[in-house]
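With the hints as extra help, turn the sequences into a complete structure.
The residues making up each chain are set out below.
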Amino acid sequence: MPAMLEINGLTKHFPLTRGFPKRTRGWLKAVDGVDFTVQPGETFGLVGESGCGKSTLGKTILGLYQPTAGTVRFQGQVISGVSKAAARQVRRQLQYVYQDPGASLNPWWTVGWSLREPLRVHTQLSRQEIAERVEEMIMAVGLAPHHLQRYPHEFSGGQQRRLALARILVLNPRLVIFDEPTAGLDVSVQATILRLLQELKERFNLTYLFISHDLGIVRLMCDRVTVMYLGHIMETGPTEAIFQAPAHPYTQALLAAVPKPEIGPWQGTLLQDEPPRPDALPSGCRFRLRCPSAQDDPCAQSEPTLQEVAQGHMVACHFAPRTLALVPGQAA
Amino acid sequence: MAVLEINDLVVDFETDQGIVQAIDHLTLNVREGEIVGLVGESGCGKTTVARCILGVVPQPPAHIRAGEILFQGQDLLRVSDADLTTRIRGKAITFIPQDPLAALNPLFPVGVQLRDMLTWGMRRGRRAREIREHIISILQQVQIPSPAEQLGKYPHEFSGGQRQRLVIAAALAPAPTLIIADEPTSALDVTVQAQILLLLKSLVQERGTSVLLITHDLGVVAKLCDRVVVMYAGQEAEMAPTASAFTHPSHPYTWKLLESLPERQQGDIRGIPGVVPHLIDPPPGCRFHTRCEFAMPLCQQHQPAALEVLPDHWVRCHLFPGEGSYACHA
Chain A
1 MPAMLEINGL TKHFPLTRGF PKRTRGWLKA VDGVDFTVQP GETFGLVGES GCGKSTLGKT
61 ILGLYQPTAG TVRFQGQVIS GVSKAAARQV RRQLQYVYQD PGASLNPWWT VGWSLREPLR
121 VHTQLSRQEI AERVEEMIMA VGLAPHHLQR YPHEFSGGQQ RRLALARILV LNPRLVIFDE
181 PTAGLDVSVQ ATILRLLQEL KERFNLTYLF ISHDLGIVRL MCDRVTVMYL GHIMETGPTE
241 AIFQAPAHPY TQALLAAVPK PEIGPWQGTL LQDEPPRPDA LPSGCRFRLR CPSAQDDPCA
301 QSEPTLQEVA QGHMVACHFA PRTLALVPGQ AA
Chain B
333 MAVLEINDLV VDFETDQGIV QAIDHLTLNV REGEIVGLVG ESGCGKTTVA RCILGVVPQP
393 PAHIRAGEIL FQGQDLLRVS DADLTTRIRG KAITFIPQDP LAALNPLFPV GVQLRDMLTW
453 GMRRGRRARE IREHIISILQ QVQIPSPAEQ LGKYPHEFSG GQRQRLVIAA ALAPAPTLII
513 ADEPTSALDV TVQAQILLLL KSLVQERGTS VLLITHDLGV VAKLCDRVVV MYAGQEAEMA
573 PTASAFTHPS HPYTWKLLES LPERQQGDIR GIPGVVPHLI DPPPGCRFHT RCEFAMPLCQ
633 QHQPAALEVL PDHWVRCHLF PGEGSYACHA
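Residue numbers (this note's numbering), protein chains in the order written: chain A, 1 to 332; chain B, 333 to 662.
Among the clues, some could well be false.
Straight-line alpha carbon distances no greater than 30 Å define the calculated DSS-like cross-link-like pairs of lysine-lysine that follow [said to hold, decoys possible]:
(1) K201(A) x K22(A)
(2) K22(A) x K84(A)
(3) K485(B) x K29(A)
(4) K423(B) x K485(B)
(5) K533(B) x K423(B)
(6) K22(A) x K485(B)
Ranges of calculated distance between the beta carbons of each label pair, as one might list FRET restraints [unchecked claim]:
(7) P40(A) x P653(B): 54 to 62 Å
(8) P282(A) x S469(B): 42 to 50 Å
(9) V388(B) x E199(A): 38 to 46 Å
(10) V444(B) x G33(A): 23 to 31 Å
(11) A144(A) x E346(B): 27 to 35 Å
Since the hints were made in silico from the structure, they are not lab data. For every residue, glycine included, the Cβ atom is placed at its ideal position computed from N, Cα and C.
Structure below.
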């Protein structure tokens with residue numbers, strides 16, 4: 001069985017232009033040589049701080065950006081850089097849920113109209129069949145058919161998430177990419193939405209790609225996690241391995257910085273400063289300026305590549321095996 | 333001694349749809365040198381409380397119907413406007429906003445803005461150099477590198493974390509007694525958030541300044557606050573020392589809120605069923621009874637009074653019957 005999603009050397013550079021006529025003064029390396037594979041039926045998490053390229057990566061996978069280099073394969077078929085007609089076939093099965101679902105619903109359309117639209121675009125179903133399918137899906141996300149006559153502003157933030165889910169489910173997708181699925185929701189509502197996501201995944205046999213900066217949610221929902229920093233993968237592996245025994249100093253610092261709802265001070269080393277601008281990266285390892293264990297050699301000399309430290313657990317750090325040995329079962 | 337004491341505060345908003353009962357008999361206090369977390373979900377009235385304390389609720393549409401806000405024993409609701417501007421707001425009580433980019437004027441260098449905030453309403457006389465040195469020393473304390481060179485820069489030239497440091501500096505500069513921080517780090521990444529929160533904590537502890545920290549993040553409360561006030565639909569549900577609130581959450585809403593956190597989920601993911609009630613027509617009795625699994629007939633009829641269930645741990649819930657309350661409303 002081919003992988004659901006296979007990404008090889010994916011790179012997206014944006015030109016930094018200035019003046020008239022436009023001259024390219026440099027390149028912003030938003031995504032810089034990323035490889036990963038998502039297997040059918042799993043929930044794959046992509047975490048990192050703002051500006052690490054996780055949303056650019058999501059949009060490049062979807063085809064909203066043309067990659068500078070590298071390929072995206074969906075169910076074994078290359079989908080990056082293909083014709084629009086070919087891409088359309090794939091998009092039915094590959095859906096993207098935006099951060100702010102309220103903004104992605106047309107305020108002038110009733111919700112029913114918004115939910116029927118994808119079926120009108122992508123299928124030849126009759127009006128009756130479309131209505132039935134939409135009704136089935138609005139019930140699946142925990143809303144009622146009478147909600148279809150309402151307009152988006154009449155719904156709360158949590159309900160708008162449900163609508164966004166119903167809208168992609170009508171097309172029967174295989175892979176759903178979520179960009180910050182619960183940003184802006186209160187914790188009590190967030191929990192109900194996460195539960196719904198789990199139920200829908202089981203019921204419709206979906207595969208999820210979660211893009212999030214919230215480590216708590218990622219730990220709860222994902223089978224495997226990839227940590228990104230300034231366009232690069234720093235560490236990837238099974239969720240429990242990443243959270244119990246993080247091997248990259250950045251992952252360790254990220255986990256340490258999360259204010260956990262437990263009494264007591266922060267545990268572990270906290271980072272100083274802020275990430276450098278992605279258009280002015282340091283030489284060698286891009287994390288070395290903030291890294292507590294960085295040394296001139298080799299960190300400033302060469303960029304570390306991903307190496308396997310345990311089964312399926314890859315780390316891009318010159319000191320990876322050593323740092324892993326230093327954290328025996330660190331509480332995450 | 334309490335620096336800030338809010339007693340039975342009632343605030344309504346007049347809207348086209350009707351009267352929104354935003355704050356309904358809220359009671360809370362902040363003691364000297366304490367960091368108190370004010371948590372609750374969006375729309376529960378956290379920010380309205382902050383605005384009432386600072387005297388910046390527009391009236392109308394708002395109406396403060398009842399209650400008092402005692403700051404060092406003085407009722408802020410009855411202080412003259414002149415007093416409020418010259419002595420209290422921005423002097424004895426300062427504010428750290430959520431979005432520093434919106435709080436800083438993009439057209440003026442930060443040095444000028446910090447100076448104006450500091451000297452606003454002050455009689456002339458302090459020499460410019462003294463003020464400049466004071467600002468530089470504050471910027472040093474919030475760990476802005478080479479502060480003297482930064483004074484001429486504009487807000488957009490700073491990173492998100494540095495802008496947050498700037499507004500913290502502005503809040504600390506007048507040596508206030510109380511700082512109100514409204515979600516001070518919710519726009520920042522976790523690694524920067526941890527730096528800023530630790531810095532804020534060490535700076536206020538050094539000075540013995542009290543802080544009312546408004547947040548929706550219970551993790552931030554656990555790491556930073558001495559006491560916590562949990563608000564629901566315009567009322568305080570629980571007010572307790574942080575350790576006590578996390579180990580013995582007593583109001584069903586606090587239990588449920590803690591249970592909803594991704595870090596605390598076990599087995600099936602659980603949230604709180606239902607939605608926050610509309611405050612134009614809030615449910616009678618306890619405002620949480622519509623979503624509470626322990627709701628009894630009594631809950632629909634009477635608002636529960638606050639009861640001290642553990643030392644300094646107050647709860648407003650009918651599950652704890654008894655006397656000894658500080659407020660009782662039929």
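Hint check results:
For a cut-off of 30 Å, the pair hint linking K201(A) to K22(A) is broken: about 47 Å separates their Cα positions. Taken as a hint, the K22(A) and K84(A) pair is honoured in the structure, with Cα atoms around 28 Å apart against an allowance of 30 Å. Taking the CA atoms of K485(B) and K29(A), the gap is about 27 Å. The hint holds against a cut of 30 Å. The straight-line distance between the Cα atoms of K423(B) and K485(B) is roughly 25 Å, inside the 30 Å bound, and the hint therefore holds.
With a C-alpha separation of about 20 Å, the suggested pair K533(B) and K423(B) falls inside the 30 Å cut-off, and the hint holds. Distance check on the hinted pair: K22(A) and K485(B) sit about 28 Å apart at the alpha-carbon level, within 30 Å; holds. Distance hint for P40(A) and P653(B): a CB-CB separation of about 56 Å, consistent with the stated range 54 to 62 Å. Distance hint for P282(A) and S469(B): a CB-CB separation of about 32 Å, inconsistent with the stated range 42 to 50 Å.
Look at V388(B) against E199(A): about 45 Å separates their beta carbons, and that is inside 38 to 46 Å. Hint check: V444(B) to G33(A), Cβ distance near 45 Å, so the stated range 23 to 31 Å is violated. Between A144(A) and E346(B) the Cβ separation comes to about 33 Å, which falls inside the hinted range of 27 to 35 Å.
When each numbered hint is compared with the structure, violations occur for hints 1, 8, 10.
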